[in-house]
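Under numbering that gives the first Met the number 0, think of the first position of the sequence shown as 0, with each following residue one higher.
Do not take every clue at face value.
[As the list claims (entries may be wrong)] With a straight-line cut-off of 27 angstroms between C-alpha atoms, the simulated DSS-like cross-links for lysine-lysine are: (1) LYS59 - LYS131; (2) LYS290 - LYS279; (3) LYS106 - LYS59; (4) LYS279 - LYS73; (5) LYS131 - LYS73; (6) LYS347 - LYS73; (7) LYS59 - LYS127; (8) LYS59 - LYS73; (9) LYS290 - LYS347; (10) LYS106 - LYS131; (11) LYS127 - LYS106; (12) LYS290 - LYS131.
These are computed hints drawn from the structure, not numbers from a lab.
Nothing here was measured: the structure is a model prediction, and the numbers come from that model.
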Amino acid sequence: MALPLLLLLTFIHLGNTYTLPRLFLSFWVDPVVPPEQFDAQYALIAQANFTAILGGFGAKTTASVEAQLTAAAKQDLGVLAYGFESQANINMLSNSTSPALWGYQLKDEPTAAEFPDLRAWSDAVAAKHPGKWRFINLLPNYGRFNTSYGDYVRSFVAQVQPDVLCMDHYPRFSVPYTVPGFNNTRDGYRQNLELFREVSLAANIPFVNFFNTMPFNGGYRDPSEAQLRWQAFTALAYGAKGFLYFCYWTPAGFPLGGAIMTPLGNTSNMVPGVHYRHVKAINSHVLAYEKYLLSATSESVWFTGALANNSSPAPVDMIVQGVSSTHQPGQDLFLVGQFTLQYPYTTKGVLLQNHHDTLATFANVSFAADIALSAIMEVAPRGNAAGSFAPVLDDAPGTPGLQLRLAPGSARFLFLSQ
Numbered sequence: 000m001a002l003p004l005l006l007l008l009t010f011i012h013l014g015n016t017y018t019l020p021r022l023f024l025s026f027w028v029d030p031v032v033p034p035e036q037f038d039a040q041y042a043l044i045a046q047a048n049f050t051a052i053l054g055g056f057g058a059k060t061t062a063s064v065e066a067q068l069t070a071a072a073k074q075d076l077g078v079l080a081y082g083f084e085s086q087a088n089i090n091m092l093s094n095s096t097s098p099a100l101w102g103y104q105l106k107d108e109p110t111a112a113e114f115p116d117l118r119a120w121s122d123a124v125a126a127k128h129p130g131k132w133r134f135i136n137l138l139p140n141y142g143r144f145n146t147s148y149g150d151y152v153r154s155f156v157a158q159v160q161p162d163v164l165c166m167d168h169y170p171r172f173s174v175p176y177t178v179p180g181f182n183n184t185r186d187g188y189r190q191n192l193e194l195f196r197e198v199s200l201a202a203n204i205p206f207v208n209f210f211n212t213m214p215f216n217g218g219y220r221d222p223s224e225a226q227l228r229w230q231a232f233t234a235l236a237y238g239a240k241g242f243l244y245f246c247y248w249t250p251a252g253f254p255l256g257g258a259i260m261t262p263l264g265n266t267s268n269m270v271p272g273v274h275y276r277h278v279k280a281i282n283s284h285v286l287a288y289e290k291y292l293l294s295a296t297s298e299s300v301w302f303t304g305a306l307a308n309n310s311s312p313a314p315v316d317m318i319v320q321g322v323s324s325t326h327q328p329g330q331d332l333f334l335v336g337q338f339t340l341q342y343p344y345t346t347k348g349v350l351l352q353n354h355h356d357t358l359a360t361f362a363n364v365s366f367a368a369d370i371a372l373s374a375i376m377e378v379a380p381r382g383n384a385a386g387s388f389a390p391v392l393d394d395a396p397g398t399p400g401l402q403l404r405l406a407p408g409s410a411r412f413l414f415l416s417q
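Generate the whole structure from the sequences, applying the supplied hints.
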């Protein structure tokens, strides 16, 4: 469902203006099928509550890109179309006037040495196709860099002047939360998001990120639904304007399968796998918060709990001032992202996440002394009321304090009434 025009969020960055029309819920590897199958395949994508298709696999000719845009428009899906690999092929980019054409996928995981050429290519695309998203995805914080990772990201922003920041980080859930000197962890994922939040706010551009959905390379286990949910809501708590799953269509070279669409019987017969149901539910939950988060600005993030390293008190301006696990003392782990909201009016809101990826919890939540519980609204995450708001209700009224049940990795969205 398209959002009202007033809810579109415009980002102004170094003289360029880009409008992000939806939360960007997408994926790596669009369906690799003949164009005559696009309608059926894109209907499945829409039914899983995605908002956009990142092209580059299933439509790699000018004719198939046009067919992709036509099929996507029927499902109200945006498309970042195949960018044809280099500036030399810029005349092959789609000139379509379809509302489905949001932009072009230009580059995945560039090194810093490639930034000058990327800037020239990106500028050429902007001149020829003004207002289109020039999608470039950066390396994660466990890559190898000549300087620091922060320098790599900030240099990219300064040199290339992107429309949107993006990176791919695939945390290993099979290792401890924190491993000294090793960023390919859940804590490394959180810190990667923390840096992207900092850089995106400073540059006044949004950010999105990839996370893992499938087993591969021996070290990456097949994530549970809770671990998918954990990756999604951790990103949103840090202010991400969407995320991308790796992968939607199981690509060649991944013999374990396990993507959202996975092979059955033979490698050419792709069907919805178990993760299709998972991402459909996660995306639906996220879209219930879309009109609130799309135009929101991240104010602060609080990582807290008995299991949080160097846990600190809540920021003084945060409306939530306390959160603990009611029935699992010593197992507290929460992430609280606070935002300035523009919808439904200017106010403060918080995304409260159970940062455990295996344990459900009842969160005992307390607010700043000058905030009455009656002033706290909650956005319904599902059902016929999804996206609407009402006074928050206690999930365990027989227990002192406000109790909110949170599944592993899940989140609740609260805000102050007028």
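Results of checking the hints against the structure:
no. : hint            : in the structure
1   : LYS59 - LYS131  : 18 angstroms, holds
2   : LYS290 - LYS279 : 18 angstroms, holds
3   : LYS106 - LYS59  : 14 angstroms, holds
4   : LYS279 - LYS73  : 19 angstroms, holds
5   : LYS131 - LYS73  : 20 angstroms, holds
6   : LYS347 - LYS73  : 36 angstroms, violated
7   : LYS59 - LYS127  : 20 angstroms, holds
8   : LYS59 - LYS73   : 20 angstroms, holds
9   : LYS290 - LYS347 : 14 angstroms, holds
10  : LYS106 - LYS131 : 15 angstroms, holds
11  : LYS127 - LYS106 : 18 angstroms, holds
12  : LYS290 - LYS131 : 22 angstroms, holds
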